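Peer 1: Read off the chains here:
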Amino acid sequence: MYVIIVGAGNVGHYLAHRLFGDKHMIALVEKDRAMCDLIGQELDILVVNGDGCEISTLQAAGIERADVLAAVTGSDEDNLVICQLAKEVFHIDRTVARVNDSRNEHIFNELGVDVPIDSTGILARVIEEEVSLSDFVNLVTFRKGKLALVRFDLPADSPIISKKVSEVTLPVESVLVAIVRGDSVFIPRGDTVFKPQDEVVALTRIGEESAVLQTFLPEM
Amino acid sequence: MYIIVVGCSRVGVTIAQSLESEGHSVVVVDRSRENLQKLGRSFSGITVVGNGFAPEVLKEAGIERADVLLAVTDSDNANIVCAQVAQKLFNLKRVFARIYDPARAATYQKMGVEIISETQLVVDALKEKVFAKG
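From first to last, the protein sequence lines stand for chains A and B.
Going by this note's numbering, the first sequence opens with residue 42, and the numbers climb by one from there.
Going by this note's numbering, the second sequence opens with residue 3, and the numbers climb by one from there.
Rather than coming from a laboratory, the hints here were simulated on the basis of the structure.
Please note that a few of the clues may not be correct.
[Stated by the list, open to error] Here are some, though not all, of the chain B residues that point toward chain A, as calculated from beta-carbon distances under 7 Å:
1. I82
2. V87
3. Q89
4. N93
5. L94
6. R96
7. P104
8. A105
[Said to hold, decoys possible] Straight-line C-alpha distance at most 25 Å; calculated SDA-like pairs for lysine to any residue:
9. B:K90 <-> A:H132
10. B:K112 <-> A:N150
11. B:K90 <-> A:V130
12. B:K61 <-> A:G162
Predicted, not measured: the structure shown is a model, and the values here were computed from it.
Ideal Cβ placement from N, Cα and C applies to all residues, glycine included.
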């Protein structure tokens with residue numbers, strides 16, 4: 042795929058390295074000339090020194106043949122406008138934007154950015170989970186926050202220990218994804234039996250997480 | 003009329019003072035308290051410190067009862083986002099955004115944002131002077 046990245050701060054720089062390793066075609070747009078020179082020496086990609094909010098700069102980066110545009114500058118209004126220009130002027134199907142201020146995520150959705158990524162919010166959630174000492178961790182949220190992959194440790198007194206997967210009824214909008222036991226990972230089948238200290242990974246619709254957890258916890 | 007001016011730029015200060023002196027209710031929003039002081043003591047309208055495209059800031063500025071919003075910060079993109087938030091999230095009909103970059107001005111005009119293309123205005127005015135008969 043041909044991907045245009047606008048903004049070569051920490052996020053853009055790292056993203057360029059990763060996507061380059063995955064054999065994508067990449068163009069990077071950055072205002073700062075010194076940064077452009079540095080990345081030009083590191084990676085064999087098209088680096089355009091200019092303002093990604095200007096149509097002529099996007100053209101220089103080859104936007105007419107791009108599949109995806111990722112706007113990851115430190116400014117929310119810039120990221121929004123870059124994505125809107127990509128969509129309106131160049132009909133890019135998939136625009137991804139970094140949201141710097143979590144409060145702005147709603148605006149990105151309303152103004153047509155396909156995938157707003159609230160980096161601060163994601164980081165805060167991860168840290169919150171790490172410090173809350175909870176056994177229940179929301180690993181990742183996707184489809185614009187509609188789905189979540191969650192993990193938790195099966196308590197020793199869980200009512201489902203020694204039961205088969207087929208005997209356990211999960212809430213309608215969730216599925217069991219994996220059971221981690223020591224160093225082994227099981228993809229659960231109907232006859233898989235739960236054991237104490239199992240780590241359970243499930244996919245669930247947002248809002249159903251606590252219902253999933255209730256299934257596995259001892260009755261209060 | 004109830005008018006919200008977003009951006010205490012030179013244009014923002016001048017139009018806010020002018021509208022207020024004509025008897026309109028004017029609210030000025032700017033990220034910096036220092037910028038708002040440029041309005042001077044004689045300005046008796048309301049000022050709000052905050053990000054001019056944040057919905058809660060616009061609410062504080064009274065957007066739900068405003069007649070007009072003028073997005074006149076020195077940043078094209080902030081003006082573009084502010085104008086769209088006012089239009090799409092608050093259904094305000096009369097919204098105007100100042101944009102320097104003629105290319106962006108043309109694009110957003112097509113997308114239904116009312117644009118004052120500052121560069122184009124100056125260019126047109128200059129050309130008129132150059133070719134004025136006299």
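Peer 1: Of all the hints numbered above, which does this structure not satisfy? Sort the numbers upward.
Peer 2: 3, 4, 5, 6 and 7
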